[in-house]
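As you go down the protein sequences, you meet chains A and B in turn.
Mapped onto this note's numbering, the consecutive letters of the first sequence carry residue numbers 1 to 219.
Mapped onto this note's numbering, the consecutive letters of the second sequence carry residue numbers 1 to 214.
Hints may contain errors.
[Unchecked claim] Residues from chain B that keep clear of chain A, each with C-beta distances beyond 10 Å, as calculated:
id : residue
1  : 113
2  : 156
3  : 201
[Unchecked claim] Coverage of chain A stretches by chain B, computed from C-beta distances (three or more under 8 Å per stretch; other residues unrestricted):
id : stretch
4  : 77-90
5  : 101-113
No wet-lab data here; the hints were simulated from the structure.
For each residue, glycine too, the CB sits at the ideal point set by N, CA and C.
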Amino acid sequence: MKQVLHFSFSLLLISTLSFTCIAQEASDSTIRVNNQSGLELSFDYGKLFTFAADFESKWSGGVGYRYKNKVMLSLIAGVATLDPQNAYENGTYHAEGQFGSASLNYIITIKPGNYLYFGSGYGVSMYEDSYSYIIGNSIWPTATETQSRKDLQANWAFINIGSEKKLKINGLFLGGVFSIRKLLDYDEFEPVDTYAIPGYGRTSDSTVPALNIYIKYLF
Amino acid sequence: MKNITDILLFFCFAFFVFISCEEQELEIDNLSPSVSAKFVNADSLQKLDVLIADINEQIAQITDSSEVLDSLIDSGDPTDYSANFESLDDKEDSLKSIKSTYNSVKTTINSGSLLVDQITGSGADALTFDGDSLTGYNLPLDVRSDFSELLIEIQGNAYSVNFSYQRDTILAEGAIIIEANNLDIVNATGFDSVYFFCDTINCNSNEASATFFF
Numbered sequence: 001m002k003q004v005l006h007f008s009f010s011l012l013l014i015s016t017l018s019f020t021c022i023a024q025e026a027s028d029s030t031i032r033v034n035n036q037s038g039l040e041l042s043f044d045y046g047k048l049f050t051f052a053a054d055f056e057s058k059w060s061g062g063v064g065y066r067y068k069n070k071v072m073l074s075l076i077a078g079v080a081t082l083d084p085q086n087a088y089e090n091g092t093y094h095a096e097g098q099f100g101s102a103s104l105n106y107i108i109t110i111k112p113g114n115y116l117y118f119g120s121g122y123g124v125s126m127y128e129d130s131y132s133y134i135i136g137n138s139i140w141p142t143a144t145e146t147q148s149r150k151d152l153q154a155n156w157a158f159i160n161i162g163s164e165k166k167l168k169i170n171g172l173f174l175g176g177v178f179s180i181r182k183l184l185d186y187d188e189f190e191p192v193d194t195y196a197i198p199g200y201g202r203t204s205d206s207t208v209p210a211l212n213i214y215i216k217y218l219f
Numbered sequence: 001m002k003n004i005t006d007i008l009l010f011f012c013f014a015f016f017v018f019i020s021c022e023e024q025e026l027e028i029d030n031l032s033p034s035v036s037a038k039f040v041n042a043d044s045l046q047k048l049d050v051l052i053a054d055i056n057e058q059i060a061q062i063t064d065s066s067e068v069l070d071s072l073i074d075s076g077d078p079t080d081y082s083a084n085f086e087s088l089d090d091k092e093d094s095l096k097s098i099k100s101t102y103n104s105v106k107t108t109i110n111s112g113s114l115l116v117d118q119i120t121g122s123g124a125d126a127l128t129f130d131g132d133s134l135t136g137y138n139l140p141l142d143v144r145s146d147f148s149e150l151l152i153e154i155q156g157n158a159y160s161v162n163f164s165y166q167r168d169t170i171l172a173e174g175a176i177i178i179e180a181n182n183l184d185i186v187n188a189t190g191f192d193s194v195y196f197f198c199d200t201i202n203c204n205s206n207e208a209s210a211t212f213f214f
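So here's chain B without its partners, still in its complex pose (with noise of 0.2 Å):
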């Protein structure tokens, strides 16, 4: 029994020695609150709008010319017109091909997906994205301050936005984070409008959406 003893106060002892030079790895990142942003290019949604209605345009005089052809064959015109309809055919097919293809750019710009150069900040590193296209993108907020004023280079062009936000500190699973809430936008330059959501009462900022037409 007394070698037990020994050996239970052997392990007991070796238990504390381990431990004692474990050493502890502190999680420190993906805590920081931030905003979720999608950057839509407006001008080329209104140039592509454009584009649309011209062939839109184009293609109701297609329909109108194939009417005229139709009306003439109808009152008695014995020409062959298979050739003219077989050529405004296509022409619409064509046409109809770059609306599609249009459309379809359409949709991608309002996705949001776009390449941003970077994202940085007044004294902050810069936030890179190796070419890769995203639909949304996170704004880092910065706990040490009541305010973010956050710089987005897109295309080579210069952005600003300016965040307002209380800080609240808080313990969640475990680790000590801080929030931003009552989250507002003070201030947007070089973007042609912004739309800013935020449904809760609080507006905390990971619940915060805001999206930038450029």
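The shape of chain A in the complex, shown without the other chains (with noise of 0.2 Å):
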């Protein structure tokens, strides 16, 4: 399974880095370029994949502010449900909760309409939990057992580097950006611990690679 997912998140790399090539290769003459400023929404269209599986579901969208294509402030917010197949052998786990993320990037332009940037930025999750697991026996019967948990919170920090180009359409950005997390703090619990976070992921990897397609718009 660990082969398969790591399939999976090459594949999404590649298409997003796709993605963010056909962006760089295109050069559209028609785009009029300056140095823009203004308010920027975006709309993570990659976590649209979550809804095909039935290990996590998240929405995450996000606004922010460009300044003359130089600097970019962001401010993402979500939220995920996951529930991650294989985390007990003989249980079940389940996370959800709002996750939001706040990062400040430097633009470089490569060409008119294209654009590179890298930054980094503070995330943190307010979240809820629970894991189940049975115990089966030779005589007795069979013990199950449910625990749940809220009020959780975690943060980290993380340092992004992305890819936008500007579309056709006036505003619209297509865009793909790839962090790497460092999780910084978590409620942790003895015998079992959180297993994985929304927004963030397993908490067994103290650093966690993340990789967001968005479209955005630029008012």
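Assemble the dimeric complex from its two separately framed chains, guided by the hints.
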């Protein structure tokens, strides 16, 4: 399963890079380029893929401010429901909650209408989780147990590298961003710890890569 | 390039659809704590010891008889005792053979090899062994309680043993399991004696063993 997920991640990475390559390759002379500034709204359409899987579903969107195609402040918010398969051999894990992040990015104009940016940010998640397990026995009745935990919090820092292309439709951008997240703090438990955090990922990995593809409108 | 992206997207989507249809099988067996147990038929051992002692006595008598015959020959008795010696040797060989069989049975009993009819508990299913003699049995503990009363049937006779323990939930090798620690035998009925062995500080059930003599 792990290999399959790596395969999936690779495919998504390749597809996103392809998008960004298209973005960088396209040379649309009709695009009027200037040092644009303004409010931006974005929608992470890559997360729509998660609705095809039964182990997670996510929505994510953001608002930001772009200053003269030099600096970009991004605020992202989302909701996520995680049901990771194979969390436990004899049980299940469920987590759901809201997450948000803020990042400051520096924009480099590769060519008119094509941008590369990098930056860093901070993310936070407020969520609840539950786990259940089943223990069979050769003579005694099977034991089942469910535990729930509410009002949990986690936060992390991350660095970004992304690419955006201005589309023909005025104000519309297509982009992708690759992040490395470093978990700073979360509510830990013994003996069964938080397995996955909405907006971050698995807690067994103190750093996790993330990939987002989005469409954005600049007012 | 555009076509390649379309193909990649198609594969991505197909993959998610594929894994969304995949069912997860939970592995719930072999996760319960249990106690390693051996059952020794002490009554049979005692009877065998009596029989072996009797055989030893008869062999000693044969040795004495041979010595008497030797002393007669040494004192100049011209009688031919060959047939007597032969008879005594045959009898001794026969007794030694029986003694060997008895010792072999003792070894088997001491090893704990025994056919247990069934192991069950109050409100539990019965575990049967299909006529197979085993040298060791695992007594499963109830993870829903701090106390397990096990009923053991051997050769048509009923015995019982009560275990008390502290349950601790742990995560081990990707499975959430319940360990039974500070294990102790509270009561055992029907057995002549019980030898309980546990050399760890927290006395985890999986590291404990008990020998039941009946």
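Against the structure, the hints come out as follows:
1. 113: Correct as stated: the minimum Cβ-Cβ distance to chain A is 21 Å, above 10 Å.
2. 156: Residue 156/B is indeed farther than 10 Å from all Cβ atoms of chain A, at 20 Å.
3. 201: 19 Å, holds
4. 77-90: As far as the stretch 77-90 of chain A goes, the hint holds, because 5 residues have Cβ atoms under 8 Å from chain B.
5. 101-113: violated (count 0)
The earlier numbered hint that this structure contradicts is number 5, and it is the only one.
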